[in-house]
Structures are given as C-alpha cells and as structure tokens.
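There are 2 protein chains.
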Amino acid sequence: MNDFLNDIKFNEQGLVAAIAQCVHSKDVLMMAWMNAEAVTLTLQEQRAVYYSRSRQSLWRKGEQSGNVQKLHRFALDCDGDTILLTVEQVGGIACHTGRGNCFYKTASDNGWQINQNVIKSPKAMYNE
Amino acid sequence: MNDFLNDIKFNEQGLVAAIAQCVHSKDVLMMAWMNAEAVTLTLQEQRAVYYSRSRQSLWRKGEQSGNVQKLHRFALDCDGDTILLTVEQVGGIACHTGRGNCFYKTASDNGWQINQNVIKSPKAMYNE
Numbered sequence: 001m002n003d004f005l006n007d008i009k010f011n012e013q014g015l016v017a018a019i020a021q022c023v024h025s026k027d028v029l030m031m032a033w034m035n036a037e038a039v040t041l042t043l044q045e046q047r048a049v050y051y052s053r054s055r056q057s058l059w060r061k062g063e064q065s066g067n068v069q070k071l072h073r074f075a076l077d078c079d080g081d082t083i084l085l086t087v088e089q090v091g092g093i094a095c096h097t098g099r100g101n102c103f104y105k106t107a108s109d110n111g112w113q114i115n116q117n118v119i120k121s122p123k124a125m126y127n128e
Numbered sequence: 001m002n003d004f005l006n007d008i009k010f011n012e013q014g015l016v017a018a019i020a021q022c023v024h025s026k027d028v029l030m031m032a033w034m035n036a037e038a039v040t041l042t043l044q045e046q047r048a049v050y051y052s053r054s055r056q057s058l059w060r061k062g063e064q065s066g067n068v069q070k071l072h073r074f075a076l077d078c079d080g081d082t083i084l085l086t087v088e089q090v091g092g093i094a095c096h097t098g099r100g101n102c103f104y105k106t107a108s109d110n111g112w113q114i115n116q117n118v119i120k121s122p123k124a125m126y127n128e
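As you go down the protein sequences, you meet chains A and B in turn.
When the letters of the first sequence are read in order and numbered with full-length UniProt numbering, they come out as residues 1 to 128.
When the letters of the second sequence are read in order and numbered with full-length UniProt numbering, they come out as residues 1 to 128.
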C-alpha cells in the first residue's frame with residue numbers, strides 16, 4: 001500500500017486529483033480530490049473515498065445519499081498527479097444536483113446548454 | 001465568450017482542471033490545466049489549448065508532436081472548477097510517453113501494472 005502512495009505526487013495541499021468514470025457507460029462522472037488517507041481507504045475499501053476541501057474532512061462518496069462508487073480499477077497517470085477511478089455508480093447518480101454526472105453544462109453558441117435531467121432531487125437524495 | 005469565463009472558478013493560481021476524453025472510445029486521455037486565455041483559445045480554435053505549469057506558458061496540445069486534440073464538446077461541472085473536453089485525438093496518442101492515454105498504470109496486488117503499449121517512441125514523436 002505504501003508503494004502506491006510513494007508514486008503519487010500530492011500537491012502543496014497534500015492532495016491529488018481523482019477522476020471517476022463509469023465502468024459501464026464510460027461517462028466521466030466527476031472530479032474530486034484525495035489526500036493520502038483517502039487513497040489508502042479507497043484501495044482498502046474498494047470504494048471511492050475523497051477529501052472534501054470545503055468540509056476539510058474525508059468524504060466517503062455516497063455515505064449520505066447511498067450513491068456509493070464501487071471501485072473496479074485504480075489508475076495513475078504518467079506524471080503521478082492524477083488518479084482515474086473506474087467505478088460502478090450505485091443509484092446512477094454521481095452529482096449532488098441529482099444528475100447522473102457533474103458535466104451537464106455544455107458550451108454552445110447560445111451560452112451554456114443544460115443537457116442532463118435531474119434524476120432525483122437533492123432534497124430527496126439527502127433527506128430520505 | 002466572456003460569459004463562459006465568468007462561470008469558471010479558477011483556483012489561486014488562475015487555473016482550472018481540464019479532462020480530455022476521446023469522442024470515439026470514451027477513454028479518458030489526460031488531465032491538464034487551463035488559464036483564462038487557454039479556455040478562450042480552446043473555444044476559439046476548437047482544439048485543446050492548455051497551460052503548462054512546468055513551462056509556465058500556453059501549450060497548444062500537439063503543436064510539436066502533431067497529436068492535436070480537436071474539440072467536439074466543452075463541458076463544465078456543477079461547481080465550475082473542472083472542464084471536460086470531448087475530443088478527437090489526432091494520431092491516437094495523448095501521452096508524452098507515446099501511449100494512447102496517460103492512465104496506463106493500474107494498482108494491482110503486485111504493485112502497478114502497465115497496461116498500454118507505447119505506440120510511438122517519444123524520440124520519434126518529438127524529433128521527426
């Protein structure tokens with residue numbers, strides 16, 4: 001486990017970028033950050049554990065909403081500063097807005113275009 | 001154009017993370033950074049233009065190697081701090097090591113496993 005950490009280049013804040021991609025659709029779901037502990041827990045628990053910069057604490061994805069990301073593959077890029085997680089997105093919702101993924105705004109000639117519907121309202125996701 | 005920039009949350013260094021994904025295979029190719037000028041040029045030129053943190057200058061992807069990334073879709077995530085480019089990767093090589101993409105190291109029980117062959121040597125890519 002320590003060997004993996006040695007090859008990861010954490011930034012000045014002790015964080016590394018982590019992209020999550022759906023193992024089935026190959027959609028890019030989200031991008032978040034991990035500290036060393038989050039990396040270790042992700043590998044140990046075989047589910048995505050991030051570090052929340054706003055809350056300054058570990059963030060087990062899906063802990064509240066149930067939308068856990070089960071790990072299929074943990075890859076590191078050539079220069080060691082970006083992780084790519086291939087995951088099974090339980091519930092099919094990765095975004096806190098209740099959409100399948102976070103990249104629902106697309107640049108068009110008329111400004112941003114919203115191209116994903118909300119599957120479940122945030123209220124329903126977090127208060128059930 | 002300015003409208004797009006207004007919605008992007010650049011970090012303290014004036015940068016935003018940008019993920020490139022292949023429009024055909026849906027493989028995640030790489031992650032790099034953009035400043036405001038790189039964002040503007042990417043949208044204007046319809047090709048990926050990044051900001052190289054090591055060289056501290058604009059980096060028109062493929063300028064030296066020919067491995068240009070033609071833009072198909074420019075998406076922004078829910079909190080505005082990550083861009084997802086859907087691109088056509090000219091030459092099929094996104095990584096400076098000569099591989100199809102940068103995520104060729106996978107965590108396994110026996111350490112990192114290399115799971116992509118080099119398509120073209122870096123020497124051949126940059127010196128031709």
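One or more hints might be untrue.
To be verified - Label pairs and their calculated CB-CB ranges: (1) G66(B) x N110(A): 32 to 38 Å; (2) E88(A) x I114(B): 20 to 26 Å; (3) N110(A) x S54(B): 17 to 23 Å; (4) D81(A) x D79(B): 16 to 22 Å.
What the hints assert, rightly or not - Below 25 Å or equal to it, Euclidean Cα-Cα: the simulated BS3-like pairs (lysine-lysine) are: (5) K26(B) x K70(A); (6) K70(A) x K120(A); (7) K9(A) x K9(B); (8) K123(A) x K9(A); (9) K26(A) x K26(B).
Just so you know, the hints here were simulated from the structure itself, not pulled from any lab data.
As the structure is a prediction and not an experimental result, all values here were calculated from the model.
In this text, a Cβ means the ideal position worked out from N, Cα and C, and glycines have one as well.
Hint by hint, here is what the structure shows:
no.	hint	verdict
1	G66(B) x N110(A): 32 to 38 Å	33 Å, holds
2	E88(A) x I114(B): 20 to 26 Å	24 Å, holds
3	N110(A) x S54(B): 17 to 23 Å	37 Å, violated
4	D81(A) x D79(B): 16 to 22 Å	20 Å, holds
5	K26(B) x K70(A)	20 Å, holds
6	K70(A) x K120(A)	20 Å, holds
7	K9(A) x K9(B)	23 Å, holds
8	K123(A) x K9(A)	37 Å, violated
9	K26(A) x K26(B)	6 Å, holds
Hints 3, 8 from the list above are not met by this structure, while the remaining hints are.
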